[in-house]
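Q: Following the hints, position chain B against chain A.
There are 2 protein chains.
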Amino acid sequence: MQRYFVPEEGWQESMVRITGDDRHHIDRVMRMQTGDSIICNAPEGRAAICTISNITDQYIAATINEWLDESKELPVEVTIAHGLPKSDKLELVLQKGTELGAASFIPFQAGRSIVKWDKKKAEKKLSRYQKIVKEASEQSHRTVVPEVEPFLDFDALLRKSEDYPVKIFAYEDEAKTKDFHGLSSILSGLEPGQKIIACIGPEGGYTIEEAEALKAHGFEPVRLGPRILRTETAPLYLLASISYHFEELRC
Amino acid sequence: MQRYFVPEEGWQESMVRITGDDRHHIDRVMRMQTGDSIICNAPEGRAAICTISNITDQYIAATINEWLDESKELPVEVTIAHGLPKSDKLELVLQKGTELGAASFIPFQAGRSIVKWDKKKAEKKLSRYQKIVKEASEQSHRTVVPEVEPFLDFDALLRKSEDYPVKIFAYEDEAKTKDFHGLSSILSGLEPGQKIIACIGPEGGYTIEEAEALKAHGFEPVRLGPRILRTETAPLYLLASISYHFEELRC
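Protein chains in written order, with the numbering used here: chain A, 1 to 251; chain B, 1 to 251.
Do not take every clue at face value.
Intra- or inter-copy, both count: the list cannot distinguish identical chains.
[Said to hold, decoys possible] Pairs of lysine-lysine, DSBU-like flavour, derived with a Cα cap of 30 Å:
no.	residue 1	residue 2
1	K134	K160
2	K89	K160
3	K89	K125
4	K89	K131
5	K125	K86
6	K120	K86
7	K116	K89
8	K215	K86
9	K89	K121
10	K125	K160
11	K195	K119
12	K134	K89
13	K89	K124
14	K160	K195
15	K131	K86
16	K134	K86
Quick caveat, the hints were computed from the structure, so don't treat them as lab data.
Here the structure is a predicted model, which means the values were calculated and not measured.
The following block holds chain A by itself, in its conformation from the complex (with noise of 0.2 Å):
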């Protein structure tokens, strides 16, 4: 059944309201009818399955049949905070990373980037990203939407990272060593709901600067399995393994 994210203005006690690409997407490209069924999601996570009442060229209106009990969602929050990668790599980021259940991403300015971002590009990538977020959340089924949260520079980061309990970062050099930090036991020590910021360095990995602030910050250095992963790879293999942990394997 397809599935929309309808923003909170849209809800009403019994019935939702769908506008926007949204409405045309049920118009025109799904073609729909009145009487057919939808999946609406709820800002706060919840979804219901709701039945088309009427179309209109402004808004399509579709009535609440059934709330449902749903947990697709990480039992953690994960945040990934990427240092700008060069071409379209943070946009397949943001694509499987919402896939694979990625609670916000913060796309942040590293030593070694390639691309340079000023303000003015970053407010119009923002709202691309935004898109890209939303629609693989309704195709992976998700109840929340991930946030991308404006482009930092590397000090705003740091301070943005206060509000995390628990803060890890890929890097490279622990995966050359023979006594690594476990990711494993980084996941065992997490609590249900618990918030974690993991950091991933650009093509070419962090500076040594970065690398030595991220600790004096509290970063806990892991390694990602004993190859050298891209740097679009790095967060893929992360929320999988964090996936795998809590949601398959139960630990």
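A: What follows is chain B alone, placed relative to chain A:
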């Protein structure tokens, strides 16, 4: 240090001879000089640090200095059998799947594959795919290059699967039940060195007939977390989970 896979015929007792694209890469792309060091991988998985001793237009000669003791390979041999997906998604699976440790890949024609391949097209694609996995192996410091096996139809895939003692398939319907079969219990039962084949459906998943045939041939359905993953994300989740299970959690 840059890493190159050198085929059997390039190895002599204390020397390596590199030709073709890799010769070009060392000479013209990396602009290396005699005296520079590289890592050369032999086909059976061993790797050595070598020093360039001679650069000609036909070959590059390098002296073997030291054999490395490396453990970069997953402790189990994972084959990803992927129902042909659309556009360049298979290339993404090959590149990322190689980084994540797959031992081999088998593309197959699934009932719901939009793309149809004939023998000629499959042969043309194969050499491109082999190049992708070779480059990804070098990038991720793997010690063996995964196989990309010739394209199969579904019946040939079923026959081929008899070579594998453990067989699983990602099945969306399993994700909808509470009584799903656990990936973790299958992984926990694997012995080091054992071969496992994982079958991934194309966009739209398997036909009912395919799912039944897979079960009848001993494939166990598994879910890959509670969210619905795109076809190209499923093998990455699976490989990352296998790496986490054996290489990080060390179950």
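Q: Each hint should be assessed against the structure and marked as holding or not.
A: Right, here's what the structure says about each hint:
1. In this assembly of identical chains, K134 and K160 lie within 30 Å of each other by CA distance solely inside one copy; the values are 24 Å within and 40 Å between copies.
2. Taking the shortest Cα distances, K89 and K160 sit within 30 Å of each other inside one copy (23 Å), while across copies they are farther apart (35 Å).
3. In this homomeric assembly, K89 and K125 come within 30 Å of each other (Cα to Cα) both inside a single copy, at 13 Å, and across copies, at 24 Å.
4. Taking the closest pair of Cα atoms, K89 and K131 come within 30 Å of each other both inside a single copy (16 Å) and across two copies (21 Å).
5. Taking the closest pair of Cα atoms, K125 and K86 come within 30 Å of each other both inside a single copy (14 Å) and across two copies (26 Å).
6. Taking the shortest alpha-carbon separations for K120 and K86, only the intra-copy value of 18 Å comes in at or below 30 Å, while the best inter-copy value is 35 Å.
7. In this assembly of identical chains, K116 and K89 lie within 30 Å of each other by CA distance both inside one copy and across copies; the values are 14 Å within and 28 Å between.
8. Taking the shortest Cα distances, K215 and K86 sit within 30 Å of each other inside one copy (25 Å), while across copies they are farther apart (43 Å).
9. For the homomeric pair K89 and K121, the shortest alpha-carbon distances inside one copy (16 Å) and between copies (28 Å) are both at most 30 Å.
10. Taking CA atoms no more than 30 Å apart as the test, K125 paired with K160 passes inside one copy only; the shortest distance there is 21 Å, against 46 Å between copies.
11. With identical chains, the CA atoms of K195 and K119 are at most 30 Å apart within one copy only, with a shortest distance of 27 Å there and 51 Å across copies.
12. In this assembly of identical chains, the alpha carbons of K134 and K89 lie at most 30 Å apart whether taken from the same copy (18 Å) or from different copies (21 Å).
13. In this assembly of identical chains, K89 and K124 lie within 30 Å of each other by CA distance both inside one copy and across copies; the values are 17 Å within and 27 Å between.
14. Taking the shortest alpha-carbon separations for K160 and K195, only the intra-copy value of 13 Å comes in at or below 30 Å, while the best inter-copy value is 45 Å.
15. Taking the closest pair of Cα atoms, K131 and K86 come within 30 Å of each other both inside a single copy (20 Å) and across two copies (22 Å).
16. Taking the shortest alpha-carbon separations for K134 and K86, both the intra-copy value of 22 Å and the inter-copy value of 22 Å come in at or below 30 Å.
The structure agrees with every numbered hint stated previously.
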